[in-house]
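Whole structure, please, built from the sequences with the hints as guidance.
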Amino acid sequence: MSADKPQRRRERIDRGIKVRTGGIYALMSWREMAYLISPRVLLIAGLLLLPLVMPGMYWKRVISIVCIYALLALAFDFLAHYVGLVSLGGAFFVGVGGYLSALLNTKMGLSPLLCVPGAALTGGVVCTLLLMPCLPLRGVYFAIVTLMYPLFLARVIEALDILGGTDGILGIDSFPSPWLEQYFVIIVVLVLLFGLRRLVNTDLGLVLRAVKDNDQAVKASAMNITRYKAMAVFIASSIGCLAGACIVHIYMWAGISTFALDFSVLPIAATVIGGSGTLVGPLIGCLILVPVSELLRDFGTLRIVFYSLILLAFIVFRSEGLMIYGQRKYHQLERWKAI
Amino acid sequence: MEILVYGTINSVALALYALGFALVYGISRLPNFAHGALYVLSGFIAWSALNTLKLNYLLSIVLAMGVTALIGAVIYRLFLIRVRGMEISEIIASYAIGLAILEGLRWGGFKGMTYTLPPFIEGSVSIAGISVDYQRLAVIVIGAALVAALWLFTHHTRIGLALRGMAQDERAALMLGIDSDIMAVVAMGLGSMLAACAAILLLPLGNIVVESGYNVLILAIAVCIVGGLGSWVGAVLAAFLIGFAQILTVVYLGAHFQMVVALLAIILTLILKPSGLFGRQKELEERV
Amino acid sequence: MKAEPILQVREVTKTFGGIIALNRLSFDVFEGEILGIIGPNGSGKTTVVNCITGFIKPSDGRVLFRGNDITARPPHKIADLGVTRTFQIMRPYYSLPAYKNLVIPLFSPRARRTGGWRGGGRMGDRNTVGIDILEEIGFERDSYVPYKTTSTLPTGYLKRLELARCLALKPELIICDEVFSGLSMSEIASMVPLIERLQMDGITLIMIEHRLRELFQVANRVMVLNFGEKLVEGGAEEVMADSRVREAYFGSEKVEEVMVHA
Chain P
36 MSADKPQRRR ERIDRGIKVR TGGIYALMSW REMAYLISPR VLLIAGLLLL
86 PLVMPGMYWK RVISIVCIYA LLALAFDFLA HYVGLVSLGG AFFVGVGGYL
136 SALLNTKMGL SPLLCVPGAA LTGGVVCTLL LMPCLPLRGV YFAIVTLMYP
186 LFLARVIEAL DILGGTDGIL GIDSFPSPWL EQYFVIIVVL VLLFGLRRLV
236 NTDLGLVLRA VKDNDQAVKA SAMNITRYKA MAVFIASSIG CLAGACIVHI
286 YMWAGISTFA LDFSVLPIAA TVIGGSGTLV GPLIGCLILV PVSELLRDFG
336 TLRIVFYSLI LLAFIVFRSE GLMIYGQRKY HQLERWKAI
Chain L
576 MEILVYGTIN SVALALYALG FALVYGISRL PNFAHGALYV LSGFIAWSAL
626 NTLKLNYLLS IVLAMGVTAL IGAVIYRLFL IRVRGMEISE IIASYAIGLA
676 ILEGLRWGGF KGMTYTLPPF IEGSVSIAGI SVDYQRLAVI VIGAALVAAL
726 WLFTHHTRIG LALRGMAQDE RAALMLGIDS DIMAVVAMGL GSMLAACAAI
776 LLLPLGNIVV ESGYNVLILA IAVCIVGGLG SWVGAVLAAF LIGFAQILTV
826 VYLGAHFQMV VALLAIILTL ILKPSGLFGR QKELEERV
Chain W
97 MKAEPILQVR EVTKTFGGII ALNRLSFDVF EGEILGIIGP NGSGKTTVVN
147 CITGFIKPSD GRVLFRGNDI TARPPHKIAD LGVTRTFQIM RPYYSLPAYK
197 NLVIPLFSPR ARRTGGWRGG GRMGDRNTVG IDILEEIGFE RDSYVPYKTT
247 STLPTGYLKR LELARCLALK PELIICDEVF SGLSMSEIAS MVPLIERLQM
297 DGITLIMIEH RLRELFQVAN RVMVLNFGEK LVEGGAEEVM ADSRVREAYF
347 GSEKVEEVMV HA
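Chains as they are written, first to last, in the numbering used here: chain P, 36 to 374; chain L, 576 to 863; chain W, 97 to 358.
Hints are supplied without guarantee of correctness; some may be wrong.
[What the hints assert, rightly or not] Calculated pairs, SDA-like style, for lysine to any residue (alpha carbon to alpha carbon, straight line, at most 20 Å): (1) K95/P with Q251/P; (2) K142/P with D202/P; (3) K53/P with K244/W; (4) K326/W with T111/W; (5) K153/W with K142/P; (6) K848/L with R173/P; (7) K153/W with P211/P; (8) K244/W with K142/P; (9) K173/W with R162/W; (10) K326/W with E274/W; (11) K173/W with L170/P; (12) K95/P with P211/P; (13) K53/P with Y360/P; (14) K173/W with Q251/P; (15) K848/L with P171/P; (16) K153/W with P849/L; (17) K153/W with Y286/P.
[To be verified] A short list of chain P residues far from chain L (calculated; beta carbon distances all over 10 Å): (18) R45; (19) E46; (20) A61; (21) K142; (22) L148; (23) T163; (24) P211; (25) L330; (26) R332; (27) V340; (28) S343; (29) G361; (30) L368.
These aren't lab readings, by the way, just hints derived from the structure by calculation. Cβ atoms here follow ideal geometry from the backbone N, Cα and C, with glycine treated the same way.
Here it is, written out as structure tokens:
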């Protein structure tokens, strides 16, 4: 009956401080408050201070690009993990938002600070309408349609030679001041990140998660799932269009490459690496991937091969992502326990 | 008259693109987003065999088909089998593979020159006053023969019947002793081989370009959706519908709009009859 | 209790490919009664539910609820009218705690209109209303049970949760698809009073069941289906005495042999 060695198993339990602050929710000391607040403060302070630390214009711009991709990754994570819709074509939102903002700016002369939100909301409406036909159906169809739209729109623009054709729309204003340009995106990212985290815990967020898990039950509960999916798609596509509008003003140019594959693939890779479902994981993923991709810029489209392979490795070997690993270490302790 | 001839050729081409995709989806419920990549890859392999290894044409073709089938099966066995059943992960994983292959070819394979495969038979014949080259006729004939051979295979050989069984009801097939994992690998290999066949037949008509990988994928998906996922007859019919629609737009509107037709077809189908022409309703939603 | 029919099913037919699942089925359900639907496997019982509640569109025939034609309407519209159902293959939201499962139906337009079960017309905090409903349905209030993650709950509780989800919509008609299946004797013993109480609160119930003894304790009328057709309709004893019903369940030849050689 007895074995030679004592048998052990690994046990994972929440830390005491987590149970107090999270489970019971009683904050009684500075230490416990700090436990809850410090990761968030770290994130916010880190992001806000980053531009001051970065040497030179080039790296400051990289931070803006990181934030743009972070917006896209946020939208992807929200749709994929909380609503169950996989958007394979982030470039679709970027292109629509970008072109709309460019038009608002050049044709109607509005300042970028008006164009960007305007393009975001209008773009959200446009994208949601275009994606409506596949919302009542299974997730596969959404993936297929989002995959195709950027490829098609790029070709239509090229073929009809509208909206600047292959040359694109030039002469777009940039933000009034470089600091504004830098911090506008960062603040937008932070606001949307925390906003979405609040949203998924409200009742509406619960309904969206229920639609993902079990849409027959939601239908039987007298709710029109198409309407809720449309709401979620509107939110996500507005975020994507916002990103597109920003990037068009940063580069002062909108062209067919605004529909580039980069915008579709990198957010997915960043989400998977950073930890899907946490909404902050995609941001971390972008902080890692975008500088790496800048360094690989010389290799041309090999970048995309690189993202794809990493994406594949994470998806297939079901790695949990950095953030989830980090959260586990932070909240739980592991130990060996004798059986 | 020209429209009829070119329309038929285009339709057969579309049907060929869709064949591999429909097979893999029908049997293992995997939407293989790497289909277009396998198409281009097989063309590349054939070209390399022909020009770099200096093998003769027939051998190159056989090599391309075999290697592509093998690559497809290996991809499935190593990667996709691990995400079997999780639809979202399947889509992302196969998309990532396809992307890696296509962009990898763009970076490392095709640089500068145009790559072509020579046609099987040179020369052309005149049908009702229009000159049609033999290669295009060969496409129609061989394409039809391929579909017929596939039908015979799935209806009269043991492996084919096992595959059909899996397509209809996987649990029942498992209970009858059909190993669904192995069958899924076989299905993927078969689907890749069909992609290679399509490539071999159709690439001689033009150049081997990486863009065609994306186009082929989109057209294959369009045909399957319009025809109804899981229906052979529907896929063929849809191929003809879209094929003729494309040729008509080329004639009357301009060559750029070909792909737009495919997208419109998909959107219209999803709005009007989401299960496609001949699809079964249960494909769309889970059973209650 | 016998008023006009609240639900009328007229000549409903449903074919799947070559199989006729329902064959010109017609029946009425009266307000405030409990109608039991029984029949051997494959007789089309779940198909009837799906056709009535809009999850499947009938090939032919009509379904009327309070005089309105609800045939082939989308499921959420039908539920919005007050026709709710449970699922034979249970579909709770496994990753959520039990009481959060109810937040979703309480979010629906119908719940907001009617205030939900015992909401009295105004929807308060959905979490508290959820806990109240769970208490009604038999979850012990002051224990940790309503807060447990649904995937850890045993079948008895899950079945009650399915019913709770219907109740959150303040329904007029609940169609229970095999609610007693998979439960132990004691669990059923505590479900029966619950069903009776629902009837006393004015809800009409259609119960599709295999467990006949328990069903006959609560049902007012029973209908037997076989091969998608209505065989017999009436009170429990007269239905079970009918020889056609016994043939349907046991088959015709064997009964004679067993009787002869016993």
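Violations among the numbered hints, reported as their numbers in ascending order: 1, 5, 7, 8, 17, 27 and 28
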